[in-house]
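> Let the sequences and hints guide you as you build the complete structure.
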Amino acid sequence: MSNTASEYEAVINNCRSLFIKKTSDYGTAWRILRPSSITDQIFIKAQRIRTLEEKKVSKVGDDVTGEYIGIINYCIIAMMQLELDADAPYELPVEQVSQLFDRYVNETRDLMFAKNHDYGEAWRDMRISSLTDLILMKILRVKQIEDNQGQTVASEGVKANYQDMLNYSVFALIKLSPPTP
Numbered sequence: 002m003s004n005t006a007s008e009y010e011a012v013i014n015n016c017r018s019l020f021i022k023k024t025s026d027y028g029t030a031w032r033i034l035r036p037s038s039i040t041d042q043i044f045i046k047a048q049r050i051r052t053l054e055e056k057k058v059s060k061v062g063d064d065v066t067g068e069y070i071g072i073i074n075y076c077i078i079a080m081m082q083l084e085l086d087a088d089a090p091y092e093l094p095v096e097q098v099s100q101l102f103d104r105y106v107n108e109t110r111d112l113m114f115a116k117n118h119d120y121g122e123a124w125r126d127m128r129i130s131s132l133t134d135l136i137l138m139k140i141l142r143v144k145q146i147e148d149n150q151g152q153t154v155a156s157e158g159v160k161a162n163y164q165d166m167l168n169y170s171v172f173a174l175i176k177l178s179p180p181t182p
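To convert, take the position in the sequence shown, counting from 1, and add 1; that gives our numbering.
Derived from the structure by calculation, the hints contain no laboratory data. Values in this document were obtained by computation on a predicted structure and should not be read as measured data. Any given hint might turn out to be false.
Claimed, not checked - Computed Cβ-Cβ distance ranges for the label pairs, DEER-style:
{"no.": "1", "residue 1": "Glu55", "residue 2": "Val95", "range": "32 to 40 Å"}
{"no.": "2", "residue 1": "Ser38", "residue 2": "Gly158", "range": "15 to 23 Å"}
{"no.": "3", "residue 1": "Glu122", "residue 2": "Asn15", "range": "15 to 23 Å"}
{"no.": "4", "residue 1": "Glu92", "residue 2": "Arg128", "range": "36 to 44 Å"}
{"no.": "5", "residue 1": "Gln152", "residue 2": "Ala30", "range": "24 to 32 Å"}
{"no.": "6", "residue 1": "Asn4", "residue 2": "Arg128", "range": "14 to 22 Å"}
{"no.": "7", "residue 1": "Glu108", "residue 2": "Ser18", "range": "28 to 36 Å"}
{"no.": "8", "residue 1": "Thr153", "residue 2": "Val61", "range": "33 to 41 Å"}
{"no.": "9", "residue 1": "Ser25", "residue 2": "Asn149", "range": "34 to 42 Å"}
{"no.": "10", "residue 1": "Tyr120", "residue 2": "Gln97", "range": "16 to 24 Å"}
{"no.": "11", "residue 1": "Glu92", "residue 2": "Asn4", "range": "37 to 45 Å"}
{"no.": "12", "residue 1": "Ile33", "residue 2": "Met138", "range": "24 to 32 Å"}
{"no.": "13", "residue 1": "Glu55", "residue 2": "Gln97", "range": "17 to 25 Å"}
{"no.": "14", "residue 1": "Ser25", "residue 2": "Gly67", "range": "16 to 24 Å"}
Stated by the list, open to error - Subject to a maximum C-alpha distance of 30 Å in a straight line, what follows is the list of computed BS3-like cross-link-like pairs (lysine-lysine):
{"no.": "15", "residue 1": "Lys176", "residue 2": "Lys144"}
{"no.": "16", "residue 1": "Lys144", "residue 2": "Lys160"}
{"no.": "17", "residue 1": "Lys176", "residue 2": "Lys23"}
By construction, the Cβ of each residue, glycine as well, lies at the ideal position given by its N, Cα and C atoms.
Put into structure tokens, the structure is as follows:
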């Protein structure tokens with residue numbers, strides 16, 4: 002799993018760099034988004050990936066890599082929004098955002114390593130299209146939980162679903178990357 006650790010870190014470093022740069026450019030305008038709006042943004046990105054996988058051509062020229070990065074960063078935003086107090090300011094300092102980003106990534110990475118231990122890195126033998134479908138399934142689960150005002154009977158909450166979507170997106174980006182010699 003040492004290769005997974007370095008590959009995971011490389012993907013996250015790329016996502017983090019973009020996230021922090023956009024935070025410097027735009028501030029934390031995303032704070033205005035309600036949880037359901039964030040879920041819908043993730044849905045749009047995952048649906049576009051699936052459409053591109055099926056149609057094999059993009060009319061706007063962007064590939065799926067940017068969409069997976071977007072899913073990762075929106076999942077981080079979602080986890081931040083879930084735990085920030087309702088009275089927290091809309092504009093957060095870049096340093097605070099950076100610390101929150103790292104905290105949620107570290108929690109999510111630790112979950113990934115625990116699951117990889119139990120599942121034996123089965124994701125390495127999966128098709129990227131299956132990872133996309135799993136992300137879409139998790140989004141539908143989150144939407145249902147949101148529609149139920151957060152009430153669940155026997156399932157994990159929305160944060161765990163965001164963590165899974167983040168990890169599936171990292172796996173897809175690892176699989177899309179050229180192999181290292």
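> For a C-alpha distance cap of 30 Å, please report whether Lys176 and Lys144 respect it.
holds, 27 Å
> Does Lys144 pair with Lys160 here, judged by a C-alpha cut-off of 30 Å?
OK: Lys144 and Lys160 at ~12 Å, within 30 Å.
> Indicate whether the distance between the beta carbons of Glu108 and Ser18 respects the range 28 to 36 Å.
Violated, at about 20 Å.
> Is the gap between the beta carbons of Ile33 and Met138 within 24 to 32 Å?
Distance hint for Ile33, Met138 holds at roughly 28 Å.
> Is 34 to 42 Å respected by the C-beta to C-beta distance linking Ser25 and Asn149?
holds, 37 Å
> Take the C-beta atom of Tyr120 and the C-beta atom of Gln97, compute their distance, and say whether it sits inside 16 to 24 Å.
Since Tyr120 and Gln97 have Cβ atoms about 34 Å apart, the given range 16 to 24 Å is violated.
> Tell me if the beta carbons of Gln152 and Ala30 are separated by a distance inside 24 to 32 Å.
Since Gln152 and Ala30 have Cβ atoms about 30 Å apart, the given range 24 to 32 Å holds.
> With 37 to 45 Å as the target window, see if Glu92 and Asn4 comply at their CB atoms.
Hint holds: Cβ distance 40 Å, inside 37 to 45 Å.
> Starting from the hint 33 to 41 Å, judge whether the C-beta atoms of Thr153 and Val61 obey it.
holds, 37 Å
> Kindly confirm whether 17 to 25 Å is satisfied by the beta carbon distance between Glu55 and Gln97.
40 Å Cβ-Cβ, so the 17 to 25 Å window is violated.
> Do the Cβ positions of Glu55 and Val95 conform to the proposed distance bound of 32 to 40 Å?
Holds, at about 38 Å.
> At the C-beta level, are Glu122 and Asn15 separated by a distance inside 15 to 23 Å?
holds, 21 Å
Violated hints, in rising order: 7, 10 and 13; the structure is consistent with all others.
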